[in-house]
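Trainee: So the protein lines, in turn, are chains X and Z. Quick note on numbering: the first sequence equals residues 98 to 365 in the working numbering. Quick note on numbering: the second sequence equals residues 2 to 159 in the working numbering.
These are computed hints drawn from the structure, not numbers from a lab. Where is the CB? At the ideal position from N, CA and C, for every residue including glycine. Any given hint might turn out to be false.
Said to hold, decoys possible - Residues from chain X that face chain Z, not an exhaustive set, calculated with beta carbons under 7 Å:
| id | residue |
| --- | --- |
| 1 | Val100 |
| 2 | Glu101 |
| 3 | Leu117 |
| 4 | Lys137 |
| 5 | Glu143 |
| 6 | Ile151 |
| 7 | Gly154 |
| 8 | Pro159 |
| 9 | Ala224 |
| 10 | Val253 |
Claimed, not checked - Computed cross-link-like contacts, DSBU-like style, restricted to lysine-lysine with a CA-CA straight-line distance of at most 35 Å:
| id | chain 1 | residue 1 | chain 2 | residue 2 |
| --- | --- | --- | --- | --- |
| 11 | Z | Lys125 | X | Lys152 |
| 12 | X | Lys284 | X | Lys364 |
| 13 | X | Lys148 | X | Lys215 |
| 14 | X | Lys162 | Z | Lys37 |
| 15 | X | Lys168 | Z | Lys152 |
| 16 | Z | Lys37 | X | Lys130 |
| 17 | Z | Lys49 | X | Lys218 |
| 18 | Z | Lys125 | X | Lys284 |
| 19 | X | Lys148 | X | Lys130 |
| 20 | Z | Lys49 | Z | Lys152 |
| 21 | Z | Lys37 | X | Lys158 |
| 22 | X | Lys168 | Z | Lys125 |
| 23 | Z | Lys37 | X | Lys218 |
| 24 | Z | Lys49 | X | Lys364 |
| 25 | Z | Lys152 | X | Lys329 |
| 26 | X | Lys158 | X | Lys282 |
Each chain, written out:
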Amino acid sequence: MNVEQYISSGILEAYALGELPEQERLEVERNLKLYPELRKELALIEETQEKLLIKAGISPKPSVKKSLFAKIDAADRGAKVVQLPPAEGGSAFWKFAAAASIAVALITSYLAYDYRDKWKKTEDNLAELTAQNQQMATDYNTVNQRLDQIENDLRVTNNPDFNRILLRGTPNAPGSLASVYWNEKTKEVFLSIQDLKELAQENQYQLWAIIDGKPVDAGVFDSNFKGLLKMKDIGSGAATFAVTIEPRGGRQTPSLETMQVAGNVVKG
Amino acid sequence: MEYLYDHYAGALLGVVARILRKEELAEEVLQDVFLKIWDRIDSYDAGKGRLFTWMLNIARNQAIDKTRSKEFSKGKKTGDIDNYVNRIENEGFVEQKVEAIGLQNLLNTLPEDQRFIIDQHYLKGYTQAEIAEEFNLPLGTVKTRMRLAMKELRNLLK
Chain X
98 MNVEQYISSG ILEAYALGEL PEQERLEVER NLKLYPELRK ELALIEETQE
148 KLLIKAGISP KPSVKKSLFA KIDAADRGAK VVQLPPAEGG SAFWKFAAAA
198 SIAVALITSY LAYDYRDKWK KTEDNLAELT AQNQQMATDY NTVNQRLDQI
248 ENDLRVTNNP DFNRILLRGT PNAPGSLASV YWNEKTKEVF LSIQDLKELA
298 QENQYQLWAI IDGKPVDAGV FDSNFKGLLK MKDIGSGAAT FAVTIEPRGG
348 RQTPSLETMQ VAGNVVKG
Chain Z
2 MEYLYDHYAG ALLGVVARIL RKEELAEEVL QDVFLKIWDR IDSYDAGKGR
52 LFTWMLNIAR NQAIDKTRSK EFSKGKKTGD IDNYVNRIEN EGFVEQKVEA
102 IGLQNLLNTL PEDQRFIIDQ HYLKGYTQAE IAEEFNLPLG TVKTRMRLAM
152 KELRNLLK
């Protein structure tokens, strides 16, 4: 490194001003250790800076000093005690004391080791228990949500205003079975699946209500849900409910040839 | 501690006041600075520089932190460095007045471009980066001018 050039770049001044970013500051500190010329130069810069700033100083009011030292006293920072190492002594007492301290140190370090070991084990156990606890909480939440859903479903199936329509399999799918719960007053429609085959990813089931001979869209669904699924509202006059297979997202008009299940409304 | 205060409080208040430009706030910050110095004196490492430089950096950082605080931005517009000039000139700080005039004369002997950098930094409280940005100078130029000025002052202040 060219020390002259380094100095004349003004980097030491910037260092003395505390204006260097962390990385450059560390670099300067490294170089200061390596080059005595830099240390000498920095000392001169700092001296000049100090003289200049003392000249440019502004005396604080006497009250500032009073208040500051009151704060120092109040915080009991007034006495910083530095513990000095005890003077050497050759008496038997000191030998005994030294032996005793070594014994205490040995016992203490054994105990420290032992406690650390126990502490480590305890910590592991705790981590395991915490994980178990979290798993339990998750399970509990799942069960709770399922229970809430079942309670809601029961409110529908037990309500006499809901008409249950059984949708039986068509020749396309003789074993299929589903149910629609329809409340003609509130227009609400719920669907439950007893047995419908799995569909390819690009397809979805679509529920239709036939009103005055015309199919009305009642919403699309996948076959992988449990309990009751809320569908689109259907007003009065539906005579039949049917399910077809449509491209994902559904269609405006049903592909009747894919009809899976159907059932007529029986007026109670 | 009292020695440090008697010796350096003036210089540090000057630094803090030039950054904050509000007399009461500066004196409050000066107290914080000395409390901090008192707390951390054990961590001062003589290998990294003079004690004054260490204290100076604490003071500057404390003052700059203050400029970022809420308290500061509230009353920023009302205070001004002129308050200090007035105080020095009007309230009979005779000693300081003499010193201040002496300092001004001293700085006047520097070449204009160097005097400007010293003035902006040490007397107006701008950082090197701020001077570079404000006056559209490369940071390297600010640094080398500062360096030349400090070298000159070294002889003048002997």
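Trainee: For each hint, tell me whether it holds in the structure or not.
Mentor: Here is what the structure says about each hint:
1. Val100: With a closest approach of 14 Å, the Val100 (chain X) hint is violated.
2. Glu101: violated (12 Å)
3. Leu117: violated (10 Å)
4. Lys137: violated (12 Å)
5. Glu143: Nearest chain Z Cβ about 4 Å off; hint holds.
6. Ile151: Check passed: Cβ of Ile151 (chain X) comes within 5 Å of chain Z, closer than 7 Å.
7. Gly154: Nearest chain Z Cβ about 3 Å off; hint holds.
8. Pro159: Nearest chain Z Cβ about 11 Å off; hint violated.
9. Ala224: At about 37 Å, which exceeds the 7 Å cut-off, the nearest Cβ of chain Z leaves the hint on Ala224 (chain X) violated.
10. Val253: Hint on Val253 (chain X): violated, closest Cβ of chain Z at ~57 Å, above 7 Å.
11. Z:Lys125 x X:Lys152: The hint holds at about 14 Å.
12. X:Lys284 x X:Lys364: Roughly 15 Å between the alpha carbons, so the hint for Lys284 (chain X) and Lys364 (chain X) holds.
13. X:Lys148 x X:Lys215: violated (60 Å)
14. X:Lys162 x Z:Lys37: At roughly 15 Å apart (the allowed maximum being 35 Å), Lys37 (chain Z) and Lys162 (chain X) satisfy the hint.
15. X:Lys168 x Z:Lys152: violated (40 Å)
16. Z:Lys37 x X:Lys130: holds (27 Å)
17. Z:Lys49 x X:Lys218: Between Lys49 (chain Z) and Lys218 (chain X) the Cα gap is close to 45 Å, so the pair fails against 35 Å, i.e. violated.
18. Z:Lys125 x X:Lys284: Violated: Lys125 (chain Z) and Lys284 (chain X) sit about 78 Å apart, past 35 Å.
19. X:Lys148 x X:Lys130: The hint holds at about 25 Å.
20. Z:Lys49 x Z:Lys152: holds (21 Å)
21. Z:Lys37 x X:Lys158: Given pair Lys37 (chain Z), Lys158 (chain X) holds - Cα atoms ~20 Å apart, limit 35 Å.
22. X:Lys168 x Z:Lys125: Between Lys168 (chain X) and Lys125 (chain Z) the Cα gap is close to 30 Å, so the pair holds against 35 Å.
23. Z:Lys37 x X:Lys218: violated (42 Å)
24. Z:Lys49 x X:Lys364: With Cα atoms ~96 Å apart, Lys49 (chain Z) and Lys364 (chain X) exceed 35 Å; violated.
25. Z:Lys152 x X:Lys329: Distance of about 86 Å is beyond 35 Å: violated.
26. X:Lys158 x X:Lys282: violated (86 Å)
When each numbered hint is compared with the structure, violations occur for hints 1, 2, 3, 4, 8, 9, 10, 13, 15, 17, 18, 23, 24, 25, 26.
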